[in-house]
Amino acid sequence: MTVTTMSVEAEPIVINQSKNTAWRRFLRHRLAVFGLVVLLIFLLMAVFAEQIAQHDPYRGDLDQLKQPPSATHLLGTDAAGRDVFARLVFGARISMLVGLTAVAISSVIGTLIGLVSGYAGGVVDNVLMRFTELVMTFPTFFAVILLVALIGPNILNVIVVIGVLGWTGLARLVRGQTLSLREREYVTAAQALGVPLWRILMRHVLPGVLPHVMVAATLLLASAILTEASLSFLGLGVQMPTSTWGNMLNAAQSLPVLTNQPWLWLPPGLCIALTVLAVNFVGDGLRDALDPRMGNR
Amino acid sequence: MTRYILKRLLLVGPMLLAISIITFLFINLAPGDPVLAMIRPEDRVVAEDLERLREGLGLNKPLYVRYALWLREALTGNFGFSYINGEPVLKRIGERIWPTVELMGAALVISTLMGAVLGILAALRIYSIWDYALSVLSLLGLSVPGFFLALVALYIFAAKLQVLPAFGMSSAAVGTQNPGLADHLRHLVLPAMVLSVELVASFMRYTRASMIEVLNADYITTARAKGLHERVVVLRHALRNAITPLITIIALRLPILVGGAIIIETMFQWPGMGLLAIQAIQQRDYPVLMGLTFIFSVLVLFSNLLADVLYAYADPRIRYQ
Numbered sequence: 001m002t003v004t005t006m007s008v009e010a011e012p013i014v015i016n017q018s019k020n021t022a023w024r025r026f027l028r029h030r031l032a033v034f035g036l037v038v039l040l041i042f043l044l045m046a047v048f049a050e051q052i053a054q055h056d057p058y059r060g061d062l063d064q065l066k067q068p069p070s071a072t073h074l075l076g077t078d079a080a081g082r083d084v085f086a087r088l089v090f091g092a093r094i095s096m097l098v099g100l101t102a103v104a105i106s107s108v109i110g111t112l113i114g115l116v117s118g119y120a121g122g123v124v125d126n127v128l129m130r131f132t133e134l135v136m137t138f139p140t141f142f143a144v145i146l147l148v149a150l151i152g153p154n155i156l157n158v159i160v161v162i163g164v165l166g167w168t169g170l171a172r173l174v175r176g177q178t179l180s181l182r183e184r185e186y187v188t189a190a191q192a193l194g195v196p197l198w199r200i201l202m203r204h205v206l207p208g209v210l211p212h213v214m215v216a217a218t219l220l221l222a223s224a225i226l227t228e229a230s231l232s233f234l235g236l237g238v239q240m241p242t243s244t245w246g247n248m249l250n251a252a253q254s255l256p257v258l259t260n261q262p263w264l265w266l267p268p269g270l271c272i273a274l275t276v277l278a279v280n281f282v283g284d285g286l287r288d289a290l291d292p293r294m295g296n297r
Numbered sequence: 298m299t300r301y302i303l304k305r306l307l308l309v310g311p312m313l314l315a316i317s318i319i320t321f322l323f324i325n326l327a328p329g330d331p332v333l334a335m336i337r338p339e340d341r342v343v344a345e346d347l348e349r350l351r352e353g354l355g356l357n358k359p360l361y362v363r364y365a366l367w368l369r370e371a372l373t374g375n376f377g378f379s380y381i382n383g384e385p386v387l388k389r390i391g392e393r394i395w396p397t398v399e400l401m402g403a404a405l406v407i408s409t410l411m412g413a414v415l416g417i418l419a420a421l422r423i424y425s426i427w428d429y430a431l432s433v434l435s436l437l438g439l440s441v442p443g444f445f446l447a448l449v450a451l452y453i454f455a456a457k458l459q460v461l462p463a464f465g466m467s468s469a470a471v472g473t474q475n476p477g478l479a480d481h482l483r484h485l486v487l488p489a490m491v492l493s494v495e496l497v498a499s500f501m502r503y504t505r506a507s508m509i510e511v512l513n514a515d516y517i518t519t520a521r522a523k524g525l526h527e528r529v530v531v532l533r534h535a536l537r538n539a540i541t542p543l544i545t546i547i548a549l550r551l552p553i554l555v556g557g558a559i560i561i562e563t564m565f566q567w568p569g570m571g572l573l574a575i576q577a578i579q580q581r582d583y584p585v586l587m588g589l590t591f592i593f594s595v596l597v598l599f600s601n602l603l604a605d606v607l608y609a610y611a612d613p614r615i616r617y618q
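Chains as they are written, first to last, in our numbering: chain A, 1 to 297; chain B, 298 to 618.
Hints were generated in silico from the structure; no laboratory data involved.
Here a beta-carbon is modelled for each residue, glycine too, at the ideal position from N, C-alpha and C.
Each hint can be trusted.
Here chain B is said to cover these stretches of chain A; the calculated rule only asks that three of the stretch's residues, wherever they fall, bring their Cβ under 8 Å from a Cβ of chain B:
(1) 132-142
(2) 148-161
(3) 223-233
(4) 247-253
(5) 260-269
Simulated restraints, written as ranges between beta carbons of each label pair:
(6) A:L156 / B:W395: 36 to 44 Å
(7) B:I302 / A:L44: 52 to 60 Å
(8) B:L437 / A:L62: 35 to 43 Å
(9) B:I544 / A:L156: 39 to 47 Å
(10) B:D612 / A:V127: 25 to 33 Å
(11) A:L193 / B:R537: 51 to 59 Å
Isolated chain A (complex conformation) (with noise of 0.2 Å):
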């Protein structure tokens, strides 16, 4: 799309002044705040599963099965005997592990095809563009449950195909930062100065973008959680025995089982719930503290 009523960057964005004055603002975002907080208890919970646990996650009780929460059991039992708050806690790891690193692969390959594209322009940003816009027309969700069943349903799989569909929007957003930051005329100095290539993307332009990097992580990670739950809900992730809170929502897709049994559909579809909106407070968040010209869309 070549929409042309973004108003041109009429000063230079100044961002962070100083570190601090983007805490700061960050901190005076109490939803913000909020979500944060949220999010370091599940990564706790996923990072010392082990020692919250108290059951064993795998090894089902069969004298123990469907049984409602009690004392031993804080959240009850599955089909299979097994503890739900211990598969919860070892959920937590999973859909964390696979949300951060599929973000991890997509901010990387976004940030690296907008810079290049931006910064080279011509042929290179006219073929990276076409081939970002050839990836954006795949349906995503269907794209990524055809490639998961394809090359085989595991967290590896799972992780990589995420990762791989989901750059296209950065890229485009780095590119467009990209390209009015080459402009600049520490830029165009460190050019004269012949200072190398992979050094002014690196120290010049990508500091400069590393803010909108930041935020447009941090929605996309709400969204890899998202894909990742609904694909192992699906039967179509991360498989059984290994337990994430998708696949935990799988067997309430029976009518009696949904019925009967809410605690073992309801905690992992709430934790899901909690987890992206706090990561979506910290977007918004992070938005406005690192540039509050970014707008409140």
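Fit chain B to the given chain A structure using the hints.
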């Protein structure tokens, strides 16, 4: 403008060709054998049978020949034949289009109306408790996964209250009389509502932002300075300008709606293209998958184009080169 549209339309052909080649390669080079997926393990099948099946489906030919054959089938109009029941792919997809269009259409109508109304209310009462509550609610709507929302809706309305049907498009049993439109609409309520939640949230956010922008414009100040009634200012001057950008957003959301429809149709057993997609993936019905990828890509390409065109149409200040 016409030239711009023509230029974009010219790109559609090569784009679709590239997409079909990439999809074809991925589908056919991926591990997994459609023939093995077809047979039941309890049947005694020997290697010769498998070979015969492969030959019958044309799977023993080299890859480029198979692609050429697929392309010929695509251009002549039936997109090949399903591995599962031998029906033309276009027929199989064709009978699934209308339910999906119906479901997505209902969700779009609900979400556009609700999103616009709530967004305008939030903008008019900006920074009030209502605005605050709506913005938290909209973020919640964007964060709750559709399938979880569907489970909650099924739990409340179908399992506990038993006021709405859980699955399918009608309660007609095989061989009985068609139970009629009202019954059909009752089946539509839950999936359409669940599908629209995310859209309501996102449309609301856009409408609110755009309405706030418009309300701060000079011509609104002028209108107020003329002494016009606030109602007239809002309804006649602000509303039109605030709503137009929403058209673009709706067009841009269409492809994302496909993803939502896949999940929702599967959960509610709504016999549309999304349910077909999941079935075809499970059965490794490659021709149907190729056809679906093609149709979904066409939808993405044209809704992007539609978004650009509508945007320029709604706002004459936009120029495309």
